[in-house]
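Here's the letter readout for the chains.
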Amino acid sequence: MFFFTYLRRELRRRIRQTVVTALGLAVGVGLVVTVIAVTTGVGDAQAAVLRSLYGIGTDVTVTTEPPPAPKPNSPEADGGFFTPGAAEQHLDLLGLPPGLGPLDAASVARIGRQQGVRAVAGGLSLIDTNVTVPAADALPPGKPPKLPTTFAVEGVDVGHTGLGPYASGELTKGRNLTKADASAAVAVVDSGYAKANELTVGGKVTVAGTEFEVVGIVRQPQGGGAAEVYLPLARAQAMAKFQNLPDLTGKVNKIYVAADDAAAVPALRDRIEALLPSATVTSADSLAGAVSGSLASAADLAGRLGRWLAVAGLVAAFAVTALLTMASVARRVREFGTLKALGWRGRRIVGQVVGESAVVGVLGAALGIAVGFGGAALVTALAPPVSATVAQNPGSTPAESVSINGSGMHHGVVDGATHTISVQLTAPVTLTAVALAVGLAIAGGLAAGTLGGWRAARLRPTTALGRVD
Amino acid sequence: MYILKGVTRTHRKGPTALRDVDLDIAGGEWLVVRGHTGGGKTTLLNILGGLDRPTAGTVTLDGADLTTMPEDALTRVRAKTVGFVFQTFNLIPTLTAAENVEAGLVPLGLATVERRRRTAEALADVGLTERSGHLPTELSGGQQQRVGIARALAKRPKVLLADEPTGNLDEDTRDEIIGLLESLWRVYDLTLVLVTHDPAVADRAPRVADMTRGQLTIRG
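Listed in order, the protein sequences are those of chains A and B.
Each residue of the first sequence is one higher than the last, beginning at 1 in the numbering used here.
Each residue of the second sequence is one higher than the last, beginning at 1 in the numbering used here.
Hints are not guaranteed to be accurate.
What follows is a list of derived Cβ distance ranges for each label pair [unchecked claim]:
hint, chain 1, residue 1, chain 2, residue 2, range
1, A, V362, B, R156, 55 to 63 Å
2, A, A381, B, R116, 52 to 60 Å
3, B, G109, A, D300, 53 to 61 Å
4, A, V19, B, D24, 50 to 58 Å
5, A, V19, B, P206, 26 to 34 Å
6, A, A316, B, P70, 35 to 43 Å
7, A, A370, B, D172, 35 to 43 Å
8, B, P206, A, R16, 30 to 38 Å
9, B, E138, A, A377, 26 to 34 Å
10, A, R12, B, G141, 18 to 26 Å
11, A, V19, B, D20, 54 to 62 Å
12, B, P70, A, A263, 52 to 60 Å
13, B, E138, A, A381, 32 to 40 Å
14, A, V362, B, D189, 31 to 39 Å
Derived from the structure by calculation, the hints contain no laboratory data.
Note that beta-carbon positions come from the ideal geometry of N, C-alpha and C, so glycine has one too.
For reference, chain A alone in the conformation it holds in the complex:
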């Protein structure tokens, strides 16, 4: 066809301009692909965090505020176990994390009877704290005692291991917890914790002073899971007893709910809120909003700056393409005038210019995809790990410690009141992003071509023929 012969020869003649125009489009399109990839990556990271906190398949979690703290100097506030004595004391305590209160295990069954519930399981998130209290006379003046070490323990409903954070872990060694383990002294540990503490399957892990046999090691998808040690729920409930710690027999502090389908989640959330008015009912959406830390900053950056950067890049690329096309049309005015004198219709001339621009657009799309993949690879290679922090009770403000020192009040989040997960940010280029890039580049080319062609077609033949090259 003559159309293609003409098109091919024109593009070949203006190869430098063709490449420059395509590169201009490619930069804009590549920026869009990169931003989409980063946004997707941030979304994936958020999803990974949520999976890690919620567990795969969990749509709604139910938590509650802890009971009010006892008044200072009241009998309830007198824990006593931090008082230095005559000899050094080693304490291994298992208690509720700050900000998270106990729920009756019966609530699990009540929620399970709600319409739209596919599965429900209770979980008990606990913090094991190892404290060494030195002897009173061994404490050097002005030197603080050794800081306590903590790790997270999750009591797992062994009848429903497919829900909650335990579900998102991948078993790397040993075996999973089973129904038969309901009251057994067995534990599954997180791979990171196992490595740090040289734990292997068949070894022993100590929780609240009691030894548990490690039967399995799990690896969470990214950044570690919600807990370092997973115990059968009943064992965890029984273990959390020490002096004035609340008796957690028959208690859970997280209820994981799977809905029949994603569309039913909001309605299910409303029903559970009505059922348990004092509880905090969180879905994945609301939990995403409660996440803070560098992941939230990255999400904010990708959402705001990234979007505007992509739009600005795209507008600039389109403008460059349009200007170069117009400049090309201006140089070819006499040629178009000749074609008109030969009897070419205006729309055929527009079609010719648009065709040339469309090819430039396709070239821009191909280069843009390459630029996008390059940009995404660069982000993946250079992006530091990001962290996500969420309160143990996602609906509440994390518990704060307050101290008074020389400079005034100091606020800090109580250890264990929040859960922080580190994830590696990646920037995956999706098929949708590629399709969008192709569409945008071709649309840009077509728009520029239509503008240029329309201008060429509007020229009066006598004016065009009279133009001196």
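Using the hints, position chain B against chain A.
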């Protein structure tokens, strides 16, 4: 074939290009319009070819009024009935000689095979079969003008309008091109309107008109 009555063309800027021109051009006639640069020769040719419209008067081509004809119809006239030959050849630089000739046939909507056949025939008529695959930059001025003539003739027009076709050529080539145009005029029974300021070219035509400051005077 052409009947012009009281044709005037004024521009918003500059002098009046044509003043009250009356002219009859019979079918198969060869008319030379001569005059100085800026005298209105090209404006007259553009109006005859439907590239421009007069501001007053009428122009009919085989009974059809070009002055009131819609733009689409004028485009069809240019595509089928009128062939243009330009002083500066106006070949498309990226296309070969054959492709340039083919460009003139595109508006006719012919099948590719027919287009190629007519192209080969037109190039043979102007003696350029051997150079059909060459780009304009690889051709001499005379050869480029031959391609321009082949492009105008390939569509088999009734009218050939040539605007200073030898203006950019040396004397030998000029004679060669005028000889070619004359021969084609005879063979194809064309109506040939040729604009020139060269007396040597004007002397070859049976009918000559002088254009001075937009006014046309017929000689002989």
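Evaluated hints:
In this structure the supplied range 55 to 63 Å is violated for A/V362 paired with B/R156, their Cβ-Cβ distance being about 38 Å. In this structure, A/A381 and B/R116 meet the distance hint of 52 to 60 Å, their C-beta atoms being roughly 55 Å apart. At roughly 59 Å, the beta-carbon separation of B/G109 and A/D300 lies within the given 53 to 61 Å, and the hint holds. Distance hint for A/V19 and B/D24: a CB-CB separation of about 56 Å, consistent with the stated range 50 to 58 Å.
With their beta carbons about 55 Å apart, A/V19 and B/P206 fall outside the hinted range of 26 to 34 Å. Distance hint check: the CB atoms of A/A316 and B/P70 are about 42 Å apart, consistent with the given range 35 to 43 Å. Separated by about 56 Å at the C-beta atoms, A/A370 and B/D172 break the suggested range of 35 to 43 Å. At roughly 52 Å, the beta-carbon separation of B/P206 and A/R16 lies outside the given 30 to 38 Å, and the hint is violated.
Distance hint check: the CB atoms of B/E138 and A/A377 are about 47 Å apart, inconsistent with the given range 26 to 34 Å. One distance hint, 18 to 26 Å for the beta-carbon pair A/R12 and B/G141, holds here, with the actual separation near 25 Å. For the hinted restraint 54 to 62 Å between A/V19 and B/D20, the CB-CB distance of approximately 55 Å keeps it satisfied. Under the hint 52 to 60 Å, the C-beta atoms of B/P70 and A/A263, about 58 Å apart, fit the expected range.
As the Cβ distance of B/E138 to A/A381 is approximately 51 Å, the hint placing it in 32 to 40 Å is violated. Our hint of 31 to 39 Å for A/V362 and B/D189 is violated, since their Cβ atoms are close to 49 Å apart.
Violated hints, listed in ascending order, are 1, 5, 7, 8, 9, 13 and 14; each of the other numbered hints is respected by the structure.
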